[in-house]
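Each chain, written out:
Protein chains: 2
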Amino acid sequence: MRVGFIGLGNMGLGMASNLLAKGANLTVHNRSQNKVDELAAKGASRAGSIADLTTATDLVLICMATVDLSNQYLLGPDGVIENAREGQIIVDHATVDLVTSRRCAEAAAEKGALFLDAPISGGPLGAADGTLAIMVGGDEAAFRKASPELDKMGANVRYMGPSGAGTAMKLINQLLVAVNTAGAAEAFQLANSAHVDINAAAELLSVSWGGSTMVSRSAPITADRSFASSAAPIRNLVKDIGIITSLGKEAGLALPLSEAAEALINETHEIDPDYDIAGMLEALERRSE
Amino acid sequence: MRVGFIGLGNMGLGMASNLLAKGANLTVHNRSQNKVDELAAKGASRAGSIADLTTATDLVLICMATVDLSNQYLLGPDGVIENAREGQIIVDHATVDLVTSRRCAEAAAEKGALFLDAPISGGPLGAADGTLAIMVGGDEAAFRKASPELDKMGANVRYMGPSGAGTAMKLINQLLVAVNTAGAAEAFQLANSAHVDINAAAELLSVSWGGSTMVSRSAPITADRSFASSAAPIRNLVKDIGIITSLGKEAGLALPLSEAAEALINETHEIDPDYDIAGMLEALERRSE
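Chains as they are written, first to last, in our numbering: chain A, 1 to 289; chain B, 1 to 289.
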C-alpha cells in the first residue's frame with residue numbers, strides 16, 4: 001500500500017518517521033522543505049503538491065495544526081478530496097470539530113473515496129515513540145485496510161464507530177482532561193489552605209474514588225509550582241475546549257462543568273500561553289485573592 | 001487499650017464489628033439497642049450513656065450520620081468532650097466541616113484530651129470488610145497511639161497533617177468525586193450524541209489522559225442506565241458538596257467547577273435522592289431537552 005503523509009509538524013514528523021522506520025512505502029508533503037528533506041534522506045518520496053501526493057498514493061494521512069488548515073488542505077481547491085479517487089482512503093489525524101469531520105466524509109463519498117476521522121492522543125513524545133492512541137471513526141472496512149499502517153504510529157489504535165466517532169472520542173478525552181485538571185486545581189487549592197501535602201494527598205487519592213490521571217499528573221507539578229514551559233501547554237487546551245463548548249451549544253447539550261473549565265483555561269492562557277495545564281491553580285488563586 | 005465506639009449506623013456497625021473481630025477491648029453506645037445487642041453478643045461491653053462510655057475507655061471513636069449529630073454528641077452537654085479527661089484520645093470518623101473539626105480539637109485541648117479528625121472513605125462495603133481509607137488530622141503522637149486500633153478498620157490509614165487535615169483530605173476526595181463524576185456525565189452525554197459506545201470509550205480513557213476512577217465506575221452504570229438504588233446515592237454527595245462550597249465561600253476560595261457540580265448534584269437529588277451519583281447524566285439530559 002502506497003502511503004502519503006501531509007503535515008510534518010510537531011506530531012506529523014514523528015508519525016511519518018515511524019511509518020518509514022517500520023517499512024511503509026511513504027510519500028510526504030509539507031510547506032517547509034527541511035522536514036521533507038529529513039524524511040527523504042531516510043527513504044521517503046517527495047510530492048511537490050497535495051494533488052501529486054494524492055494521485056501517487058492509496059492511503060492519505062494528514063495532520064494539520066489548526067481546523068482552518070485541515071479544512072483548506074482537505075476540502076479546499078486542489079485539496080486532498082478534490083484529487084481523491086474511487087476506493088482511496090483518507091485519514092485526518094487532527095483534532096477538529098464534528099461538522100468538519102462529517103463534511104469531509106460526505107465530500108469524500110461523492111468521489112467514491114473513504115474518509116476516516118482519526119485524532120491522536122499522546123503528544124509529541126508519543127508521536128516520536130510510535131505509542132499514540134489513535135481513535136478512528138468512519139467506514140469499518142476502510143479502517144481494517146488502514147490499520148496495518150496506523151499500527152506503525154500508535155500503540156492503541158481503536159475503531160470507535162461511524163463517521164465522527166473518532167473525533168467525538170478525542171473531544172470526550174479532552175473534555176475530561178479539561179474538567180479533571182480544573183477539578184484537581186480546586187482540590188489542591190483546598191489542600192494548600194488546610195496545610196495538606198499535595199503529593200501525600202495525590203497518593204491517597206490514587207487508591208480512593210477521587211483519583212484521576214490528571215490528579216496524579218498535576219500533583220508534582222503543583223507541589224513544585226513548576227508551571228512554566230510544558231509538554232502540555234494551556235494553549236492547546238484553549239483550542240480543544242472551545243471546540244467542545246461550541247459543539248455543546250450547536251447540539252443543545254448542557255456542559256456546565258466544561259464551560260466552567262473553559263473560563264479557567266482562558267484565564268490561565270492570559271497568564272502565559274505556554275503554562276502547563278496544571279497552572280489553572282494560579283488562575284483560581286487570582287480569583288480567590 | 002480500652003476502645004469505645006459511638007454510632008453503630010451504616011458505617012459504624014461494620015467498623016465496630018472489625019474492631020471486635022480483631023481483638024479490641026470494645027465498649028459500644030448507640031441510640032437503637034438492637035445494634036448494641038448484636039455487638040454485645042459478640043463480646044462488646046455496653047455503655048448506657050456517652051458519659052459512661054467516655055469514662056470507661058481510653059480511645060473514643062465516633063461516627064454520626066450528620067454534622068448536627070456530630071456536634072451534639074461531641075460538643076453538647078453530657079457529650080464526649082465534656083466527659084473527656086487528660087490524655088484521652090477522641091476520634092471523629094464523620095465527614096464534617098473544617099470549623100467543626102477545629103472546634104472539637106480546641107474543646108478537647110481545654111480538657112487535656114487529644115482530638116483526631118479521621119473521616120473515612122470506602123462505603124458500607126469497605127466498613128464491613130475492614131478496608132476503609134482513614135484520613136487523619138491532629139496530634140501526630142496521638143495518631144501513633146490510636147493507629148493499631150484504626151488499622152483494624154482500614155486498609156489505608158494515613159496521617160495527613162495538623163488538626164483539620166483529615167477532614168480537608170476527605171473534602172478534597174469528595175470534591176473530586178463530585179467534579180469527576182459530573183465531568184464523566186458530560187463526556188458520556190457527548191458520547192451518546194455521537195454514537196460512541198460508552199464502555200469502549202471508558203476502556204480507551206483508562207489508558208488516556210482523560211481517565212479517572214469515576215469514569216471507570218460510571219461507565220457501565222451509564223451504559224445500562226441502572227441509576228436506581230445504589231451504594232453511592234446522590235443524597236450523600238449533596239451533604240458533602242454543600243460542605244465544600246460553603247468552605248470555599250467562608251475561606252474565599254474560588255471553586256467554580258465544584259459549584260457547577262453542586263447545581264447538577266442538587267438537580268439529580270430532585271429526580272431521586274437514592275439515584276446513583278452517575279445519574280447526574282439524567283439531570284444534564286433534562287437541561288439539554
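Hints in this document: simulated from the structure, not taken from any laboratory. Glycine is no exception: its CB is placed at the ideal position from the N, C-alpha and C atoms. Some hints here could point you the wrong way.
[What the hints assert, rightly or not] Derived CB-CB ranges, DEER-like:
# : chain 1 : residue 1 : chain 2 : residue 2 : range
1 : B       : Ala51     : A       : Ala263    : 48 to 58 Å
2 : B       : Gly23     : A       : Ala228    : 50 to 60 Å
3 : B       : Val238    : A       : Asn10     : 20 to 30 Å
[Unchecked claim] Covered stretches of chain B (chain A as the covering partner; in silico rule of three or more C-beta atoms under 8 Å from a C-beta of chain A):
# : segment
4 : 17–28
5 : 204–214
[Said to hold, decoys possible] Keeping only pairs whose Cα atoms sit at most 16 Å apart, straight-line, the calculated EDC-like set for lysine to aspartate or glutamate is:
#  : chain 1 : residue 1 : chain 2 : residue 2
6  : A       : Lys22     : A       : Asp129
7  : B       : Lys152    : B       : Asp129
8  : A       : Lys239    : A       : Glu86
9  : A       : Lys239    : A       : Asp274
10 : A       : Lys249    : A       : Asp97
11 : B       : Lys249    : A       : Glu285
12 : A       : Lys249    : B       : Asp224
13 : B       : Lys22     : B       : Glu110
14 : A       : Lys249    : B       : Glu285
15 : B       : Lys239    : B       : Asp224
16 : B       : Lys239    : B       : Glu285
17 : B       : Lys249    : A       : Glu289
Right, here's what the structure says about each hint:
1. Ala51/B with Ala263/A: 48 to 58 Å: Cβ of Ala51/B to Cβ of Ala263/A: about 53 Å, so the range 48 to 58 Å holds.
2. Gly23/B with Ala228/A: 50 to 60 Å: At 54 Å between Cβs, range holds.
3. Val238/B with Asn10/A: 20 to 30 Å: For Asn10/A against Val238/B, whose Cβ atoms are near 45 Å apart, the range 20 to 30 Å is violated.
4. 17–28: This one is violated; 0 residues, fewer than the three required, reach chain A with a Cβ under 8 Å.
5. 204–214: Our answer is that it holds, as 10 residues pass the Cβ test (under 8 Å) against chain A, meeting three.
6. Lys22/A with Asp129/A: holds (12 Å)
7. Lys152/B with Asp129/B: holds (10 Å)
8. Lys239/A with Glu86/A: violated (34 Å)
9. Lys239/A with Asp274/A: holds (13 Å)
10. Lys249/A with Asp97/A: holds (13 Å)
11. Lys249/B with Glu285/A: holds (14 Å)
12. Lys249/A with Asp224/B: Given pair Lys249/A, Asp224/B is violated - Cα atoms ~27 Å apart, limit 16 Å.
13. Lys22/B with Glu110/B: violated (33 Å)
14. Lys249/A with Glu285/B: holds (14 Å)
15. Lys239/B with Asp224/B: violated (27 Å)
16. Lys239/B with Glu285/B: At roughly 23 Å apart (the allowed maximum being 16 Å), Glu285/B and Lys239/B break the hint.
17. Lys249/B with Glu289/A: Measuring from Cα to Cα gives roughly 12 Å; hence the hint holds.
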